[in-house]
Amino acid sequence: MEMEKRKEILQLLQNDARLTAEQLAAMVGEDAEAVAQAVREMEQEGILLRYTAVVDWEKIDTDTVTAIIDVKTTPRRDVGFDQLAQHIARFPEVRACYLMSGADDLSVVVQAGSLRDVANFVSRRLSTLEGVASTTTHFILKRYKHDGVLFEGPENDDRLAVTP
Amino acid sequence: MNRFINPTIAALPPSGIRKFFDLVAASKGIISLGVGEPDFVTPWHIRETAIHSLEEGRTSYTSNWGMLELREAIAEHLNQWQGLTYDPTSEILISVGVSEAIDLVMRAVLSPGDEVLIPEPCFVSYTACAAMAGGKPVTIPLRAEDQFKLTPEQLEAYITPRSKMLFIGFPNNPTGAVMTREELAAVAEVAIKHDLLVVSDEIYGDLTYSGPHVSIATLPGMRERTILLNGFSKAYAMTGWRIGYACGPAEIIGMMMKIHQYIIMCAPIMGQIAALEALRHGAKERDRMVAEYNRRRRLMVKGFAEIGLPCFEPQGAFYIFPSIEPTGMSDEEFALRLLEEEKVAVVPGSAFGESGRNHVRCSYASSYENLTEALRRIGQFVARHRKEAALSVGKQ
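These protein sequence lines are chains P and F, in that order.
Adding 523 to a residue's 1-based position in the first sequence gives its number in this note's numbering.
Adding 7 to a residue's 1-based position in the second sequence gives its number in this note's numbering.
None of these hints come from the bench; they were simulated from the model.
The reader is advised that the hints may include incorrect statements.
[To be verified] Result set (DSSO-like, lysine-lysine): computed pairs, CA atoms no more than 27 angstroms apart in a straight line:
(1) LYS143/F - LYS200/F
(2) LYS265/F - LYS143/F
(3) LYS530/P - LYS350/F
(4) LYS582/P - LYS530/P
(5) LYS309/F - LYS528/P
(6) LYS265/F - LYS528/P
(7) LYS309/F - LYS265/F
(8) LYS394/F - LYS309/F
(9) LYS291/F - LYS530/P
(10) LYS350/F - LYS35/F
(11) LYS265/F - LYS668/P
(12) LYS595/P - LYS528/P
[To be verified] Covered stretches of chain F, as calculated for chain P (at least 3 residues, CB under 8 angstroms):
(13) 22-33
(14) 124-135
Backbone N, C-alpha and C define an ideal beta-carbon position, used for all residues, glycine too.
The following block holds chain P by itself, in its conformation from the complex (with noise of 0.2 angstroms):
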């Protein structure tokens, strides 16, 4: 399939990820089995990883809380950042890993079930690492929009129900 409808079925599915073979063929204008081949394909590449959900963990968990995390390094020759990030990326509160331009070097998102774990993870897990420098925590107070979806007040369909 060419490379302009393995994306635009990339896109949709960034989207909506419950999308069937059937309604993504529809959509694109292929067939439903040339589809699910081209998914297959992009799965077995490592370009489709894995299909997940957006949640807002705020209105059923009031507990869990997320803190992007600045992480300042002292790069090692020959391994660079790969080895230290790589290390901080392997701990399942992480929920990303970043290398970063600007002051800091990696940025870390880390999620987890109260205040409490997170400083724990940062001053336990995090600092003591051989080759991080320093830290700043970043809570987030409140989230407005993740991967693309508007948390609050996104707007609300009121055209008149039959129009010219």
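Position chain F against the provided structure of chain P, taking the given hints into account.
Chain F alone, transformed into the frame defined by chain P:
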């Protein structure tokens, strides 16, 4: 009280849509495929620009013609898009939606008894505006077997010595039909032969799905006899802003401008500022919405094919126009019973002219989930009633 009322207005039939609207508005929990406007909200950068303009206190009148900057941007846009050249100082008028421009052109051009050729099915206000302007609307019934396109033979057949104007709207509301360059050229030839003024409502021009839109004004000999109408409502999801425009020869646009300055003064400035932003920076969002309509269009075409309602593949706008003949119902009955039994609203095709009878207009300007569910319900409705129709034929 009737003695006070203008008989021309009294004789106008109420919009067929209006009648149906009241019924739908009274029902609860329906999925409406009856909406003739985008389900997208105006892109944020456009709204944000308008908000900023209000903060800056830009709340005055503009030139009667509309802001020069906007007219210049439209001239440039039409040049890049269609290769058309219009002088922004005398050949482009900003109106309150295309709706106002339809009225303006009728009033500027028609004398009592002048005939306006109007292919139907079409948007509801062409015939009404022609009649209100003292003209005589002459409708040309387009045929499903022609995919509701105008043929030169049909046009020729309705021309009389009083024919002055041909009024077309492609991509079409309600059918989704698009006319190709060749098809338009054949019509243009007849228009030139009989010296007709052509008014072309191209409000859905950006919403085409099999190649770019062709304006009839681009054909040889047509620019000097065409009034091109367009606006921002559909392509940029800006229906509520009410900004349209008319382009054409300075003499006619000047007359339209004269009416416009007396009745409207100018289009609202906040809408004009938003429209300018749309033209300057809106292409990406516009294309994203068009791609989304196209995906839904494919879903609808496939859906109606599976349901078994005959339907040509629409190439423009956001409507699909299936025939409901297999159910043995009239289009009004179909729409009413579908609303009652399945809570899905569609618009009877006859609301857009007699030749739309036995069809219904379904707008796919609705979410994918809504469309999928609506198709499921229509499918179950048709399956149920097709059986009834077959049984009652069997009994006779």
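Against chain P, does the segment 124-135 of chain F show at least 3 residues with beta-carbon separation below 8 angstroms?
With 3 residues close enough to chain P, the hint holds.
Between LYS291/F and LYS530/P, does the CA-CA distance stay at or below 27 angstroms?
holds, 16 angstroms
Between the alpha carbons of LYS595/P and LYS528/P, is the straight-line distance 27 angstroms or under?
violated, 41 angstroms
Is the hinted pair LYS582/P and LYS530/P satisfied, with a Cα-Cα distance of at most 27 angstroms?
violated, 33 angstroms
Would the pair LYS309/F and LYS265/F pass a check requiring their Cα atoms to be no farther apart than 27 angstroms?
Answer violated: LYS309/F to LYS265/F is near 49 angstroms, above 27 angstroms.
With a cut-off of 27 angstroms on the C-alpha distance, tell me whether LYS143/F and LYS200/F pass.
holds, 21 angstroms
Under the criterion that the straight-line Cα-Cα distance not exceed 27 angstroms, is the pair LYS309/F, LYS528/P satisfied?
It holds: about 19 angstroms lies between the C-alpha atoms, which stays within 27 angstroms.
Would the pair LYS265/F and LYS143/F pass a check requiring their Cα atoms to be no farther apart than 27 angstroms?
holds, 23 angstroms
Are there three or more residues in the segment 22-33 of chain F whose C-beta lies within less than 8 angstroms of some C-beta in chain P?
n = 6 at 8 angstroms, threshold three: holds.
Assess, step by step, whether the Cα of LYS350/F is no farther than 27 angstroms from the Cα of LYS35/F, and give holds or violated.
Answer holds: LYS350/F to LYS35/F is near 8 angstroms, not above 27 angstroms.
Decide if the proposed pair is consistent with the structure: LYS265/F and LYS528/P, CA atoms, cutoff 27 angstroms inclusive.
Violated, at about 50 angstroms.
Is it true that the CA of LYS265/F sits at most 27 angstroms from the CA of LYS668/P?
Given pair LYS265/F, LYS668/P is violated - Cα atoms ~49 angstroms apart, limit 27 angstroms.
Checked against the numbered hints above, the structure violates hints 3, 4, 6, 7, 11, 12; every other hint is satisfied.
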